[in-house]
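4 protein chains.
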Amino acid sequence: MHDNTTARLLITCPDCPGIVASVSNFFYNHGANITALDQHSTDPEGGTFFMRVEFQTPHLDISRPVLSQAFSQAVAERYQMDWEISYASDHKKMVIFVSKYDHVLLELLWRWSRHELPTDISMVISNHGDLKQSVESFGVPFYEIPVSRNNKEDAEKQALEMLAGKTDLIILARYMQILTDRFVEQYENRIINIHHSFLPAFVGADPYRQAYEKGVKLIGATAHYVTAELDKGPIIEQDVNRVSHRYKRDHLRQLGQDIERNVLFRAVKWHLEDRIIVYKNRTIVFV
Amino acid sequence: MHDNTTARLLITCPDCPGIVASVSNFFYNHGANITALDQHSTDPEGGTFFMRVEFQTPHLDISRPVLSQAFSQAVAERYQMDWEISYASDHKKMVIFVSKYDHVLLELLWRWSRHELPTDISMVISNHGDLKQSVESFGVPFYEIPVSRNNKEDAEKQALEMLAGKTDLIILARYMQILTDRFVEQYENRIINIHHSFLPAFVGADPYRQAYEKGVKLIGATAHYVTAELDKGPIIEQDVNRVSHRYKRDHLRQLGQDIERNVLFRAVKWHLEDRIIVYKNRTIVFV
Amino acid sequence: MHDNTTARLLITCPDCPGIVASVSNFFYNHGANITALDQHSTDPEGGTFFMRVEFQTPHLDISRPVLSQAFSQAVAERYQMDWEISYASDHKKMVIFVSKYDHVLLELLWRWSRHELPTDISMVISNHGDLKQSVESFGVPFYEIPVSRNNKEDAEKQALEMLAGKTDLIILARYMQILTDRFVEQYENRIINIHHSFLPAFVGADPYRQAYEKGVKLIGATAHYVTAELDKGPIIEQDVNRVSHRYKRDHLRQLGQDIERNVLFRAVKWHLEDRIIVYKNRTIVFV
Amino acid sequence: MHDNTTARLLITCPDCPGIVASVSNFFYNHGANITALDQHSTDPEGGTFFMRVEFQTPHLDISRPVLSQAFSQAVAERYQMDWEISYASDHKKMVIFVSKYDHVLLELLWRWSRHELPTDISMVISNHGDLKQSVESFGVPFYEIPVSRNNKEDAEKQALEMLAGKTDLIILARYMQILTDRFVEQYENRIINIHHSFLPAFVGADPYRQAYEKGVKLIGATAHYVTAELDKGPIIEQDVNRVSHRYKRDHLRQLGQDIERNVLFRAVKWHLEDRIIVYKNRTIVFV
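Chains as they are written, first to last, in the numbering used here: chain A, 5 to 291; chain B, 5 to 291; chain C, 5 to 291; chain D, 5 to 291.
Derived by calculation from the structure, the hints in this document are not laboratory data. Just so we're clear, the structure is a prediction, and the values are computed from it rather than from any experiment. Among these hints, one or two may not hold up.
Identical chains blur together in the list; that is why a pair holds if it fits in one copy or across any two.
As the list claims (entries may be wrong) - Straight-line distance between alpha carbons at most 20 Å, and here's what the computed PhoX-like set of lysine-lysine pairs gives:
hint: 1; residue 1: K284; residue 2: K218
hint: 2; residue 1: K284; residue 2: K252
hint: 3; residue 1: K96; residue 2: K161
hint: 4; residue 1: K97; residue 2: K284
hint: 5; residue 1: K273; residue 2: K252
Could you build all of it, start to finish, from the sequences and the hints given here?
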């Protein structure tokens with residue numbers, strides 16, 4: 005499948021008979037070949053229906069804008085759909101926020117440089133200058149926006165201005181500042197954070213210390229969309245690794261960082277490939 | 005989803021545009037509501053297409069036999085489909101072959117008695133009498149058919165007669181006799197064996213000894229359909245568990261048996277739920 | 005290693021130089037052969053030291069009681085040790101408490117009947133009569149002690165009387181009553197509970213519903229010693245399994261029950277093999 | 005534990021009573037504090053005994069060379085030990101061989117630059133020039149030694165000369181040339197290779213193609229010491245990841261590379277920390 009011919013449709017709507025038939029007819033009639041189809045329903049009787057369709061566009065009989073318009077009129081309105089069509093060749097623009105820890109940042113940059121993340125990274129923004137050289141060695145612009153107790157609002161304002169038009173997705177790659185509600189609302193379901201524990205266990209600061217003191221036998225990491233409530237947004241991906249009484253806090257942290265790298269990478273990849281639908285603070289992930 | 009209203013369709017055919025639309029239209033037009041749909045293609049250009057549809061039948065406008073006939077004429081012939089429709093309420097009949105080890109046998113009987121395996125177990129057949137009481141305590145008939153070097157052919161003949169009309173699926177639950185090609189051919193893709201290693205490593209006898217001598221760091225088990233070639237049939241499911249130098253052969257065996265129980269259970273469940281398509285000695289498993 | 009010759013020593017004491025030498029000399033001088041040795045220290049400078057020694061007794065030069073006395077005088081007092089010597093041939097007596105769910109109960113009984121749990125099961129106690137037949141089919145006595153809002157204290161008193169002299173270890177195999185502090189204190193670090201979530205996430209009632217509503221991508225189970233604080237005792241073992249948006253609550257429960265069976269089995273086995281030391285609400289598990 | 009005070013002793017000898025006492029007495033008498041101790045025996049009666057001791061040296065009453073001499077005379081000779089004492093502050097020198105794939109090479113360099121691998125990397129040697137810049141950006145010398153059908157012997161000779169005095173450990177990080185027996189014998193148990201399958205399945209070329217054609221449900225990677233027989237040397241570490249029919253060969257390769265990175269990292273770390281003993285083509289790994 006070449007990226008320049010692949011498109012994806014995401015749908016959320018009330019469940020009822022006939023949706024699959026309507027959607028697949030529509031694409032067939034316009035020369036689009038369906039190469040992947042996933043669906044989910046919370047309840048076939050009166051529930052909510054979710055669908056992801058991957059289709060190929062080389063034999064489309066109409067232009068992309070006309071396709072969207074036709075879909076809206078012929079299918080989406082009839083079924084009251086929330087929907088979005090994306091083209092793999094239109095790379096999403098991504099901005100990474102980071103503080104001083106570099107492990108998840110470098111994993112993302114490294115994957116991206118190996119063409120494992122289909123995105124254009126517009127810039128990296130940090131409240132510290134430490135990682136400037138690491139970032140620039142990948143050919144990515146780095147901007148430092150210091151944040152203090154007093155300038156927090158100004159700092160965010162500056163960041164928002166820089167983001168304008170340059171970002172479809174924001175990654176908090178162990179960014180140690182809490183964003184304001186105003187910021188979060190502007191990018192609903194488009195900010196992904198990596199939390200270094202298996203949520204909902206160990207919300208808040210220093211989860212490795214919390215895990216050590218609790219004596220858990222597995223430690224984990226969680227990638228989730230950011231909402232106004234700290235560490236409570238819709239979970240995209242989680243993973244854990246086995247530990248024992250021999251692990252001191254430093255060792256937990258080191259092992260945990262490996263989990264963070266993998267979990268965030270998968271979450272970002274799925275978002276970029278249009279595999280995630282958010283519904284009632286949960287995610288449907290079609291993989 | 006009630007089992008008495010759920011049906012499933014499995015399709016294999018040459019890939020080409022329009023299949024999803026045709027199938028979903030057919031079901032929509034006859035009042036069947038699609039509640040799950042999975043598809044796979046080896047290659048959208050000239051490859052082979054596979055599909056599993058789960059649909060609900062309470063509002064069907066025609067009888068089940070007429071539905072099959074209509075599907076054949078309206079859809080299947082046009083796309084040269086191999087296909088099969090199953091109804092969840094028509095439990096598949098299952099026969100378990102066993103020798104002296106009881107761990108996978110008991111796991112299956114226990115799951116079945118808890119309604120986790122939608123099947124009717126017709127009987128258990130063994131070349132030894134040891135497990136008669138265990139089997140009968142579940143209310144399942146037990147038959148002993150001793151096998152020796154000299155009576156092998158007669159023993160199989162006897163088994164085949166007993167199976168006639170009473171089996172849709174045969175499970176070799178650590179059955180220590182090799183079936184003849186004649187037997188295997190009669191039940192193509194309907195005999196599931198559990199092999200106590202991660203195939204294709206450690207084909208043949210005593211894989212735990214082989215694993216011990218090789219010093220592997222993971223041991224596994226493999227559930228596969230039986231073909232004429234020993235331990236080479238299409239793999240349905242595999243799993244592994246971590247071991248170390250501390251594991252002696254007995255300990256490997258004990259841990260391995262836990263893996264065997266889980267792997268075989270999943271494979272049998274998927275077969276009973278019509279989730280498996282065999283293609284070119286590989287399996288497509290829609291889970 | 006034959007069980008009738010194997011013994012184990014567990015030690016907790018302030019860390020300082022010379023402990024390993026003293027212990028190993030002592031055993032060597034009395035003809036005991038060390039076949040396994042594990043140690044752990046929270047901090048070699050001023051921390052706490054933990055040790056497990058497995059040794060063989062056929063060539064002991066003194067009787068078992070004299071060995072204990074000699075160890076106390078020659079080694080333990082000098083290093084201010086908490087210590088205990090156990091003989092594998094002295095099976096610990098175990099009592100299982102259960103309500104209506106049978107999955108973990110049956111797993112334990114089944115493992116025990118296959119000689120995978122070195123214990124004598126004195127009885128099963130339940131607040132319901134449902135599982136009487138299942139338990140008795142394993143040749144284990146079953147006693148029903150109904151518990152209501154009004155008779156709770158009497159019921160516990162009755163249970164304590166029945167336990168007297170018949171139990172070294174109590175298993176709460178999905179026992180749905182909360183024990184009083186008085187009960188718990190009598191069996192400190194000798195009551196193991198299985199909680200059906202990855203603690204400390206989802207404390208309390210109906211964790212599978214909580215997990216479903218939170219939309220976690222892994223579900224788990226936790227075996228822990230029971231303390232006065234609900235679901236907060238020292239964790240012995242945990243495990244998780246991957247789930248997705250497709251898992252409804254029933255499906256989560258079914259998958260979760262498989263995790264519960266395995267996690268509790270491992271925790272009980274380790275306790276019976278004297279592999280666990282509790283320290284500051286955490287466990288050291290020597291496996 | 006500071007690296008400049010940590011030392012490790014590895015022992016292999018015939019098993020008999022008194023070894024632990026002798027070793028621990030020796031260290032205690034010379035002011036060395038044992039901070040970790042692991043042992044293993046193939047059979048306490050007439051088997052082989054293995055031991056790893058980690059001890060702290062700040063209060064040693066003799067110099068390091070004298071300690072070794074004393075250990076040899078007082079303990080090792082009496083028990084016919086193969087043994088070696090290493091000091092964590094004496095970093096092992098490591099050389100990495102690589103061809104064109106960079107994923108495991110970069111993982112090792114990245115871990116090393118983050119102080120997760122206690123080693124001095126002397127150089128990287130490749131039969132191609134492609135990765136020169138990547139390697140040098142880490143401050144590590146890169147040497148190209150082209151290998152062709154005709155110059156193989158000369159190329160190895162050149163490599164051996166460059167290695168002299170500069171290497172305690174050689175890593176084949178997806179090096180696509182087969183080393184001669186002469187080369188391998190010079191570095192017995194000191195060459196670690198990463199094979200991109202779960203050995204012993206899929207020995208030899210293109211294991212991802214083999215795995216795809218076989219239809220396995222898990223793919224893996226294996227780190228092992230190199231011996232004269234291709235892909236048959238003692239296994240150090242293995243891991244696997246779940247795949248399905250949806251994974252094409254490219255996707256298998258990408259997922260497999262992530263496993264390779266982790267498996268090789270762990271194997272190299274354990275070797276550098278003196279945790280591995282090779283015995284009869286198997287490894288004892290004390291972790």
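Regarding K273 and K252, is the shortest C-alpha distance of 20 Å or less found within a copy, between copies, in both, or in neither?
between (32 Å within a copy, 18 Å between copies)
Please work out whether the CA atoms of K96 and K161 approach to 20 Å or closer within one copy, between two copies, in both situations, or in neither?
Intra 23 Å, inter 51 Å, cutoff 20 Å: neither.
Status of K218 relative to K284 across identical chains (alpha carbons, at most 20 Å):
Between copies only: 10 Å across, 31 Å inside.
Within a copy, between copies, both or neither: where do K97 and K284 come within 20 Å Cα-Cα?
neither (26 Å within a copy, 42 Å between copies)
I want to check one pair: K284 and K252. Are their C-alpha atoms no more than 20 Å apart within a copy, between two copies, both, or neither?
between (38 Å within a copy, 15 Å between copies)
Going down the numbered hints, you'll see the structure goes against 3, 4, while the others check out.
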